[in-house]
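J.: Protein chains in written order, with the numbering used here: chain A, 11 to 322; chain B, 11 to 322.
Check the hints yourself; a few may be wrong.
Just so you know, same-sequence chains aren't split out, so a pair can sit in one copy or run between any two.
What the hints assert, rightly or not - Below, computed lysine to any residue pairings styled on SDA-like, alpha-carbon distance capped at 25 Å:
| # | residue 1 | residue 2 |
| --- | --- | --- |
| 1 | Lys320 | Ser153 |
| 2 | Lys286 | Leu178 |
| 3 | Lys286 | Asn273 |
| 4 | Lys154 | Gly33 |
Calculated directly from the structure, the hints in this document are not laboratory data.
2 protein chains.
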Amino acid sequence: MALEMYIGVDLGGTKTKTVLATGNLEIINEKTIATRMDSEETIIQGIFETIDAVKGRKVIKAIGVATPGQLNREAGIAIQAPSMGWHSVPLTRLLSERYQVPAYIENDINVAALGEFSCQDESLNNAVYINVGTGIGAGIILSKQVFLGNSGTAGEFGHLTMEPGGPLCKCGNRGCLEAIAAGPAIGARATQWARARQDSSMHALALQRELSAKEVAEFARGGEKLAIELLQETGRYLGRAVADLVNLYDPGLVIFGGSVVLNSPDIWEAMLAEVKMRLMPIIYAQTEFAKARFKGDSGAIGAVVLAKQKTN
Amino acid sequence: MALEMYIGVDLGGTKTKTVLATGNLEIINEKTIATRMDSEETIIQGIFETIDAVKGRKVIKAIGVATPGQLNREAGIAIQAPSMGWHSVPLTRLLSERYQVPAYIENDINVAALGEFSCQDESLNNAVYINVGTGIGAGIILSKQVFLGNSGTAGEFGHLTMEPGGPLCKCGNRGCLEAIAAGPAIGARATQWARARQDSSMHALALQRELSAKEVAEFARGGEKLAIELLQETGRYLGRAVADLVNLYDPGLVIFGGSVVLNSPDIWEAMLAEVKMRLMPIIYAQTEFAKARFKGDSGAIGAVVLAKQKTN
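Work out the full structure: start from the sequences and follow the hints.
T.: In structure tokens:
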């Protein structure tokens, strides 16, 4: 019997990455294009184009799609993707009609969690995937499946309140983890700190424009003390939130992805030290902390896992 | 066919409460005695005595036991119950041998969660039960079952870090929710506050001895401003932690038990106001907050549910 094939689509704000893979997650073909943000139609045409390119004349069993923002899973509708500027697109219906196979949609962080989980030991049932980039979110895997909670919003890790009177978050609350430790928040805080500190090598640049989290990490690699201090502080905030999450879920494994946490050893080390300090030794000892393996591929591979789980 | 019968035992630090109930959770007989803390033997003799009393000559299908502290579920062993002063008691084996039916053991907060969940609507799959008393803990119900996490420690709600440099907790961390908002912490903080405030009607008593959380709640009912202020602050801490938990689990329903949260309207109202302020409106709107219904009975009823779930 021929191996069953699946399509996995990772629809991001800048790139659309699509793979054709076997049920064993072996990638047969892949195609990445820039997401054409002009309109809903151009985004969807881009998806079709990548699927046509990787599929060729192969027979597929199902399609999985990772999308940012909120969605209506049962109706297969992407309700709101701020980075995409779209509302209520019946994505899975459009895909099912064109390719005559079932199509499934899931939030990008949850799909990345499935992707990263797929390369873990078979004996593992639970894990949490934490992404720290432009935003902060978590995908919760329980019994090898995405855990959605009662209404599909489980894993709002970026909105844990870390400082009751802290900086205003996009969600309306103050002091959310995302408003302190996501990339834009790191850049904004570094700019503020550097403007007030003439002795910092970030000072001149900060007077001209906002620093980015990437630049702060570069300054830190160059030995800039203020940058290191800020990234360590950021790591401590992340670590405290991770300890809270481990206390509540006892996940056994926490996988970290996203540029902010993967590109800064200062954040990584301060985060893990804080986690260790906050957790009871018995709970710390039973939890593993790892970096994402697939990085940019976890979305597309996770979308294949999603399609496979839904059709088996 | 005769209805199947189960025994549920709620083994507490002060009382042992045992019920005989049908699979429909109708209580046929119940017996409560003071837990005889002299030794492991006297505690276990007390359990036997209550079971003998409620069982009579009825045929039972299984026994469920709620115990405080850590336990080894597979071996049926209570490893550590600080309030009981015991270690490694093979409780389920002793019960199975004597009554010739399977016996199951679970942490008291998790069992109370099962008990409270049993009187909810059939359509409900998930809920969280939060107990705020001498300690603070949460029992997580997912797919109608206790969620244990990877190593059995899920739901360590009392050890969320609320104040990174706050009061030392028994667990070794600083600023845990339990070190701020559990009964003893409320009493200790009230004593400290009242000693420094001659204008408070708690002042004279606080100079003599430590206040209890119960006394603080009584002062607040009498209109004492410092007590009200302290309970409202406590409610805000609890609310912030509850919002974190809802963000991570999206449980749909949060049930509150325990004397601290049930006996103080100041805590209750400040807590719910804080939850509302912290959560995104869409998440707040999809979550219900309720007080425990069974109160003192949730442990024994939950132990019956445990026995029934494990044998069906």
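J.: It remains to establish, for every hint, whether it holds in the given structure.
T.: Evaluation of the provided hints:
Taking the shortest Cα distances, Lys320 and Ser153 sit within 25 Å of each other both inside one copy (14 Å) and across copies (19 Å). When the C-alpha separation of Lys286 and Leu178 is checked against a cutoff of 25 Å, the pair qualifies only between copies, where the shortest distance is 16 Å, while the shortest distance within a copy is 28 Å. Taking CA atoms no more than 25 Å apart as the test, Lys286 paired with Asn273 passes inside one copy only; the shortest distance there is 21 Å, against 36 Å between copies. Taking the shortest alpha-carbon separations for Lys154 and Gly33, only the intra-copy value of 15 Å comes in at or below 25 Å, while the best inter-copy value is 31 Å.
In this structure, every one of the numbered hints holds.
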